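Asker: Heads up: the sequence lines are chains A and B, in that order.
Residue numbers 0 to 395, in numbering that gives the first Met the number 0, belong to the letters of the first sequence in order.
Residue numbers 0 to 306, in numbering that gives the first Met the number 0, belong to the letters of the second sequence in order.
Just to be clear, a hint being listed does not mean it is correct.
BS3-like cross-link-like pairs, simulated, lysine-lysine; straight-line CA separation at most 30 Å [as the list claims (entries may be wrong)]:
(1) Lys265(A) / Lys194(B)
(2) Lys196(B) / Lys265(A)
(3) Lys246(B) / Lys228(B)
(4) Lys202(B) / Lys265(A)
Covered stretches of chain A, going by a simulated chain B footprint (3 or more residues, C-beta under 8 Å) [unchecked claim]:
(5) 83-95
(6) 125-138
(7) 151-158
(8) 185-199
(9) 261-270
(10) 334-348
(11) 352-359
Far from chain B, some chain A residues (derived; all Cβ distances over 12 Å) [what the hints assert, rightly or not]:
(12) Leu57
(13) Ala176
(14) Glu178
(15) Trp305
(16) Gly372
(17) Ile379
Derived from the structure by calculation, the hints contain no laboratory data.
Only a predicted model underlies this, so the values are computations on that prediction, with no experimental measurement involved.
Even for Gly, the Cβ is constructed at its ideal location relative to N, Cα and C.
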Amino acid sequence: MTISTMRLTGVAAACAIFSINAFAEDSSLTNPAISAVLDGYYQSAERPMSERVEGFGLGHTEVAMSANIDDMFYGKLTAVIEMHDGETELGLEEAFIQTLAMPYGLSMRAGRFLSDIGYLNNQHVHTDAFSDRPAAYRAFLGSHYFDDGVRLSYVAPTDLYWTMGVEAFKGDNMRAADEHNERDYKSTGVYTAFTKIGGDAGINGSWQAGLSYLRNENGRMTAEEHDHVAVLDEHDHEHSHSAQYTGENTYVADFVYKWAPNGNYKYQHLTLSGEFFRVTDFKPLEEEHDEHDAHDDEGKDYQDGWYLSSVYQFSPHWSAGLRYGQVDTQMMHDDHFDPQKLKETEVSLAWHQSHFSTVRLQYTNQQGTNFDGIEDDNVITLQYIMTLGAHGAHQF
Amino acid sequence: MRINSKQFLPKALKTLTLAVTLGFISNAQAEFNIFACEPEYAALAKELAPDARIYSATTAMQDPHQVQARPSLIAKMRQADLAICAGADLEIGWLPMLQMKSANAKVRSTDQGLFFAAEQIDTVDQMKSVDRSMGDVHAKGNPHLHFDPKRLLGVAEALTQKLMQLDPDSTAQYQANLARFSQRWNDAIPRWEQKAKPLNGKKIIAYHSSFKYLFNWLGLEQVADLEPKPGIPPSSSHLASLLTRAKQGDILAIIIASYQSERGADWLGERADLPVIVLPMSVGGNEQSVDLFSLYDSAIDLLLAAK
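Modelling step: build the complete structure from the supplied sequences, incorporating the hints.
Answerer: In structure tokens form, the structure reads like this:
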């Protein structure tokens, strides 16, 4: 369980929602943008490392409020209500302030927010074209990485879009497992640096490419002294936002290309995106000096994952997506590591009655090697995602 | 080629220093940068501040409701001294995101370099209460106001004030530009009204409320909308009901904007034996529309051709 998640009774959570709603109806308060996201689904099986369970369920039910605080600061609060094992959990996904008036294209953000590494991570999951994040995100970032910390970013005054930034986070959700309950974690565990460039390619297309680095001070595993406590053991019952596979260094490369006839997104548009993750330096330091680490394949001290996604909206009401992604991870067993592999091929079809409502049918085929007992599994998900209240952003 | 690293490094540094210095010099002399959300405001800016570097975020072929906060727009807004947008929530899906990502304090608030056309005049169709079951409606009224010549002139006057506030050194220049534009515009209005007289009282079917101001001005009556609800594309059942309406025989034409799909309009036009007219939504919406004057001329000519 994550430290950030409070367990409340259903009644208390319901009260929290109603009080925010009452707030929204106060006509004297037209300033804050208040919105809610409703996400419900039924699926035939569970994807590993996912927050969604088998059968009926509710996904990220979000209530968000944002506004300019004054001429210098902007603030946003996003509360997420999730149901797990019959209990209602209220979590804070975002609670941050951002500067509005710093000079030279600089800005700072502080509080709890989504890290700006990679392409998908800074986007809210309800804007995705698939019901779950790619396996690489689920394995290495706990689906989406948000945390308590600060960010400094800079946008260059050039016609080619160029931004760069650094972040520092608490990093609790990115900690490697503590098998013996005696680990001395660093309180500021995660540092990131990222840069993105982008622009238009003709009148029809736009692109963005990025490189990110994440340093995780608490990402390395400690040696196991007792028998067979796999890092993964807990995760079947645990729907926290914690990363399942960590390492000291994570490198991410990402790109996205969007196309629309004449740049008009109303009727048709295509989005191609892909990201590559490499997570290195996770093996316990003692292990490196271990004399019986003989297996060649296990010698590698990195794990990686990638995905390629293509989503085509072929009419204002319909869009279809195709995504392939895989992760190659390592699971610790006593004094050695076993390689694991998960490959996911996914097709989705979505119907949009308006800008604000989506009903999606998704099929996933999973091919696993030594991964959670998955060999050749199929998952069907039927899902709705609807937003009400303030108009969301058309983020690139 | 082999590069002598001992010589290369100082040379590279010199080049870099030169480049940076030049960069600052060109920055110091840089023109006034204007970011226009729609091409009609880029065109208006061109009339009022012809020396400025003007960039239009969208074209007349793009639905201004459905724009992505894409990297090129962030880069342009980062450099802007003034952002001119229609307002009335037309850009609600992308402008706030651009402002956030471009980190340019100059264009954050209407006290400074942000200008909303809809705030300068009274919009039509403002609503007391808005519910999404009514479609994607704007409580602040119809934002497509650039087809009302008198309102646009009001916007031009307010925009000139804004330009003088932000760039006081060129005050005389901006006043002269406004005087020249107002003169030409005021001369053109009666000419347009005279030309469009035959259109007065005619009934049309149109897509969305894109040309509400044009119709109001010329006395055209939009009796039906191809969209069942604002923002919702034409459905077959809705088109069927429009066909029944069209068969009453009093409709002049079906009108869509340059960024709207012709499919529904063509279907209806074929069955109801009505012409489908594609009007330029803005400057650049067809070959004739190269500035605001030719945009108006082209729109009126196209409507007259339907007779």
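Asker: The structure should be examined with respect to each hint, and the outcome stated for every one.
Answerer: Each hint, compared with the structure:
1. Lys265(A) / Lys194(B): Not OK: Lys265(A) and Lys194(B) at ~34 Å, beyond 30 Å, violated.
2. Lys196(B) / Lys265(A): violated (34 Å)
3. Lys246(B) / Lys228(B): holds (22 Å)
4. Lys202(B) / Lys265(A): holds (27 Å)
5. 83-95: Our answer is that it is violated, as 0 residues pass the Cβ test (under 8 Å) against chain B, missing three.
6. 125-138: Since 0 is below three, the answer is violated.
7. 151-158: holds (count 7)
8. 185-199: holds (count 5)
9. 261-270: Three-residue rule met by the segment 261-270 of chain A, so holds; n is 6.
10. 334-348: violated (count 0)
11. 352-359: holds (count 4)
12. Leu57: holds (21 Å)
13. Ala176: Label holds. Min Cβ-Cβ 36 Å, cutoff 12 Å.
14. Glu178: Holds, since 42 Å exceeds 12 Å.
15. Trp305: holds (22 Å)
16. Gly372: holds (41 Å)
17. Ile379: holds (28 Å)
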